[in-house]
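Number of protein chains: 6
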Amino acid sequence: MSELPAPYNVGTRPSGRAPDQLRKIKMLPEYISYAEGSMFIQVGNTQVVCNASVLDSVPPFLKGKGQGWVTAEYGMLPRATHTRSAREAARGKQSGRTQEIQRLIGRSLRSVINLEALGEHTIHIDCDVLQADGGTRCASITGAWLAAALAVQHMLENNLITKNPIKEYVAAVSVGLIGGEAILDLDYQEDSQCDADINVVMTGSGKLAEIQGTAEGRCFTVEQLNKALEYASSGIQELIELQRQIVDFAN
Amino acid sequence: MSELPAPYNVGTRPSGRAPDQLRKIKMLPEYISYAEGSMFIQVGNTQVVCNASVLDSVPPFLKGKGQGWVTAEYGMLPRATHTRSAREAARGKQSGRTQEIQRLIGRSLRSVINLEALGEHTIHIDCDVLQADGGTRCASITGAWLAAALAVQHMLENNLITKNPIKEYVAAVSVGLIGGEAILDLDYQEDSQCDADINVVMTGSGKLAEIQGTAEGRCFTVEQLNKALEYASSGIQELIELQRQIVDFAN
Amino acid sequence: MSELPAPYNVGTRPSGRAPDQLRKIKMLPEYISYAEGSMFIQVGNTQVVCNASVLDSVPPFLKGKGQGWVTAEYGMLPRATHTRSAREAARGKQSGRTQEIQRLIGRSLRSVINLEALGEHTIHIDCDVLQADGGTRCASITGAWLAAALAVQHMLENNLITKNPIKEYVAAVSVGLIGGEAILDLDYQEDSQCDADINVVMTGSGKLAEIQGTAEGRCFTVEQLNKALEYASSGIQELIELQRQIVDFAN
Amino acid sequence: MSELPAPYNVGTRPSGRAPDQLRKIKMLPEYISYAEGSMFIQVGNTQVVCNASVLDSVPPFLKGKGQGWVTAEYGMLPRATHTRSAREAARGKQSGRTQEIQRLIGRSLRSVINLEALGEHTIHIDCDVLQADGGTRCASITGAWLAAALAVQHMLENNLITKNPIKEYVAAVSVGLIGGEAILDLDYQEDSQCDADINVVMTGSGKLAEIQGTAEGRCFTVEQLNKALEYASSGIQELIELQRQIVDFAN
Amino acid sequence: MSELPAPYNVGTRPSGRAPDQLRKIKMLPEYISYAEGSMFIQVGNTQVVCNASVLDSVPPFLKGKGQGWVTAEYGMLPRATHTRSAREAARGKQSGRTQEIQRLIGRSLRSVINLEALGEHTIHIDCDVLQADGGTRCASITGAWLAAALAVQHMLENNLITKNPIKEYVAAVSVGLIGGEAILDLDYQEDSQCDADINVVMTGSGKLAEIQGTAEGRCFTVEQLNKALEYASSGIQELIELQRQIVDFAN
Amino acid sequence: MSELPAPYNVGTRPSGRAPDQLRKIKMLPEYISYAEGSMFIQVGNTQVVCNASVLDSVPPFLKGKGQGWVTAEYGMLPRATHTRSAREAARGKQSGRTQEIQRLIGRSLRSVINLEALGEHTIHIDCDVLQADGGTRCASITGAWLAAALAVQHMLENNLITKNPIKEYVAAVSVGLIGGEAILDLDYQEDSQCDADINVVMTGSGKLAEIQGTAEGRCFTVEQLNKALEYASSGIQELIELQRQIVDFAN
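Chains as they are written, first to last, in our numbering: chain A, 865 to 1115; chain B, 865 to 1115; chain C, 865 to 1115; chain D, 865 to 1115; chain E, 865 to 1115; chain F, 865 to 1115.
Treat the hints with care, as some may be off.
Repeated chains share a single entry, so a pair holds when one copy, or any two copies, can fit it.
[What the hints assert, rightly or not] Straight-line alpha carbon distances no greater than 20 Å define the calculated DMTMM-like cross-link-like pairs of lysine to aspartate or glutamate that follow:
no., residue 1, residue 2
1, Lys1071, Glu1094
2, Lys1027, Glu1045
3, Lys1031, Asp1059
4, Lys1091, Asp1059
5, Lys888, Asp1059
6, Lys957, Glu894
7, Lys1031, Glu1021
8, Lys1027, Glu1087
9, Lys1071, Asp1059
10, Lys1091, Glu1080
None of these hints come from the bench; they were simulated from the model.
Turn these sequences into a full structure, and let the hints steer you where they fit.
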């Protein structure tokens, strides 16, 4: 196990990144052979496998309503973290954190997918974290959109649907506040030291699908929030450019 | 069961309230005799009992660290809603929504409480919704702060602690976006029809402890978010004035 | 938390009540707006919310048999008691005590309701204890009958049924034995000190729907049981008089 | 699977038994080799294995209080009944009925055992029903007392305790009411047809340890209850005579 | 509780049995009245009740496929062992060992039963261990085959099926390796001391339905495995001769 | 989702492999940065991540006995298979199959590790299947040994132990029987069509740590088992050669 680095010095990020600089990103499509849409996404040292499964059914509350559903589940391998965490399947339940994250991923995708155009299909996305170095929920959302988009391409090619139900790109990034200053795309060391953590989910047209800002030690001002949104917006447009290289819907 | 009213007409709120107008608020302290801090809070037709228990122990991860903890649990009576929901104790687990809300309440309180000044005590807050007409998480936070403050008074009076660990008031309110316009403090009917739902937790000094904004049908702009924050800020200062009539820490 | 009073002195009840005297009772109908039948019942310091929901379905074992069902669930807010109890929803299961009580409430109501006359509807009653000072199961039964009766009125008014399926009033009270003497309607302090605890559920015509007598330290004679039944019978007729002021079926 | 017999004709019992006649009883001690006290008890066609284990620990709430504990668990083999019931271990929880019965068995034994004289030991009794033809809870109590008494003999012989902690014999029997008439010791066919079911737990000195009477279709009078108690009392003294042939404490 | 005997001396078995000698076997059919097939099987001091229930349904994955299913569940009474084990129903889940064993029993039976010839029926077998002295899984398989065969006879007699779906006898035995030498049919004392434990499930025609060999301390050679198979084969043919005395299908 | 290939033709394997030929193997050490030992193993299209965590504690039953423990957990990503399987963490329990496999992995490793030489440490291995094309339990064992060996190197380098506790290499492979003929290292298509499936765990010195043979449709002879063992033995020595290239303990 690698040593944790020395305390964070505001102004110089441990990685040497500029305050508004993303970590290095890798996006590998078709990572798993079986899934209708499969992505590996790496953001710095955070690695997530996102698999989208196309099911020809919908949850009970939507039966017979002529529309589809998009949902997500999230998990971490027990040793995705510095020290081993208990396996949720063995503990017999998903933690509150896990449920919170998987609900967020599902909502983020549904905000840009036309459920009527999906027909009575469900796109079920599984985000499983192989290695966690901060930002797993954001990486999951960015990867999940790609997995869903690949699954939609599969559905179109196989005539399961006739029209692209995806209305927009969507990606996510975190911004932290340290000493009142914003820094983009926190790694684990930064995340554990910042005063506030703001996760932003934004579309290709620059609109907010979701924002979750949490004070962790120090409450923050509306001005600081707006600075964070500015950084997030620029980071997300970079991520969407990378998504476009994998799936280009020309919209 | 009362009939649900006719579809929402943007511009005139069903209740006739102005866009930035809170619902009628009732706050009753010492609602339950046994709890160290007990509040009943009513916001419109939403009714929540908030009880704060003082425990002389801390969770395992804090043992021996010389600091305290503040945590919360949330529940709804099965018939708090228009139609009966299954009892979580009978289903054998808390829903993802429940866990998300109780984690939010706990974080919101911890953002304004000095855990070191608590000593090795836990303030455990239970928020139980008797009747739900929208905004239960915000009413819970506003009431939970009061219950915690009453419990802190009890601790000071009984010499369990020597110094007030509460740094600030905190209260919460929701803002919705309908047709691009913001409206403050959504009731259930408004909540189920709005394009986006933004929950804001703010302190007496006007800082954000938490913000959670979610598109429900239509993504939103940073400008709309800022308009929502403006409404939220004014609503929360009203709520804090009411809190101050129950507990006045003169800070 | 208020101090527990000094040890119980047989002959003089802590409250000064006569041996066969009920605590002060409050019954408030229409406590919650949404439930088809809703009651708040207070017996001394014990407070219970009883909500009856009318469902247009029956449990699987009754499907297609042309009859209805009446069932109950019971819960206590975590801080209904002197010290906080763990929330059953968080623990992931209902205790044996909870299940025992909710089964008792359901049986007591079914003993006076004609299930055929209900049609294929279920009356599902939720009894939730806000504050517990002894006798919560008895207060729940007395309140649950009222909630059910209000729900039946709602069903009659809405033509869901054409004939009143309720055959009799039903109410419940506890009797304790201390030093061989009976005392009616135990509060928590008395309950924790008595030799035996006898819960009696009786109808308006003075018949037993249920009797549960338990030695807690000292076994008891048939004569003592009969004395307890005498006290219970008179207490229950008082309770039924109060029920009649809320719902008068003239039978 | 044997056919269920024709409907019950009041006055003549299917078995030809007199109204106050017990079924045939078999009690076999030392049924299982390993348990400190082990009994097989058969009442008519109902067969229960009762094993008492002596543990040298007490539950957490009794640690260090210098007293012991007696508790019980109850189960039925899945095919103890006419049609197979789901295995509780596979369903992942014990039913409300199971919990109710095992709590009753434990209370019944504790009513005649001096817990201080047990020292810091637990007698843990397991009652497992091999075949169920009505009256399994009563057979379990009667057998459990014997298993506990054998375990106490083992403890005395092994000097784990110096004084017999058992104060009295205890046994149980059911009485049913059909058409207003009492009949003793119901088998399954009678049980499913009676108007009320009264389970009585009584000591060697004729005192009540527990009484549970439940209307099943028709509420009953105090006079009928007393008739049932008369039958129960005589049946229980017969059972205690049989217990005395296995364990004779001369008290 | 009987004392555990002195350490095992290779060459002389504690019981004085020859290395290839089975323990004493008892097989009692029609042990429980209600089950369509019911067996009590005793192998040395190991005692198992095996009940086969005939259900006129199949699991969801076989619905409408015109074939049947055979499955098994396994359990131990809490005091089947030298010291009490926690009741699985109370712990809320079956252990990995339990699930492993019940899956093995089900597979073993299905290997000799023609599921098509069963029609859309399930034979559900429950193996419950009353007393465990080693070899419970093998005794369960041998007894379960008999219970299933009795249930098949019941089905044939009641015209639920027209043709015997059982293709072969099947029985099971364990072989241990101690100091490199094989010994047949381990009791608990031997089992806890051997280097390897090999469970063999074999048919009347001498073929393997299942083999599970596990090193417990010392890995073993293919030659040792073959010696174990030789012992197992002869032991199993003895067991099948005993099965034939209960059910003789003349095949 | 790729189409499943046409039915299997005995004699020519779908892959064109010889009957005793392994699939292509890839073994990548240090796959995850945080684990003390981390391996990625690929066998054909089956991909498993094996992470070994070194914990400085032992399970309760070993506390204070001066020895260590080795255990394993197993899981599959929901979309590791052709169609999505439910996530075990969401279902709230591990399947019987999962538990069977993780117990097998743990036993296999313990058969070649000297637990005394580990000191009071636990090596906890997590095997997570990214993609499943048959043979996941065997690939997990082969990879788990490597992960454990890397963790042991870490322990030696960090002076947590002074002596290598690993006594032997261990690896595993499956052999199937189709039409009476053995074929080595089944892929999913072969696995679902074979008559019997034999999993063999063998050490570097050619001894059996575990053998599990199961008839799936057709029982098998001892001769066929021995043929399978011959193929398995040669395959496992190949696997161990590959292991040696990653970790060479020179024994």
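A quick look at each hint next to the structure:
no. : hint              : in the structure
1   : Lys1071 / Glu1094 : both (12 Å within a copy, 19 Å between copies)
2   : Lys1027 / Glu1045 : neither (44 Å within a copy, 31 Å between copies)
3   : Lys1031 / Asp1059 : between (35 Å within a copy, 16 Å between copies)
4   : Lys1091 / Asp1059 : within (15 Å within a copy, 25 Å between copies)
5   : Lys888 / Asp1059  : neither (24 Å within a copy, 35 Å between copies)
6   : Lys957 / Glu894   : neither (30 Å within a copy, 30 Å between copies)
7   : Lys1031 / Glu1021 : within (18 Å within a copy, 49 Å between copies)
8   : Lys1027 / Glu1087 : neither (42 Å within a copy, 32 Å between copies)
9   : Lys1071 / Asp1059 : between (25 Å within a copy, 13 Å between copies)
10  : Lys1091 / Glu1080 : within (18 Å within a copy, 25 Å between copies)
Against the hints set out earlier in the document, violations occur for numbers 2, 5, 6, 8.
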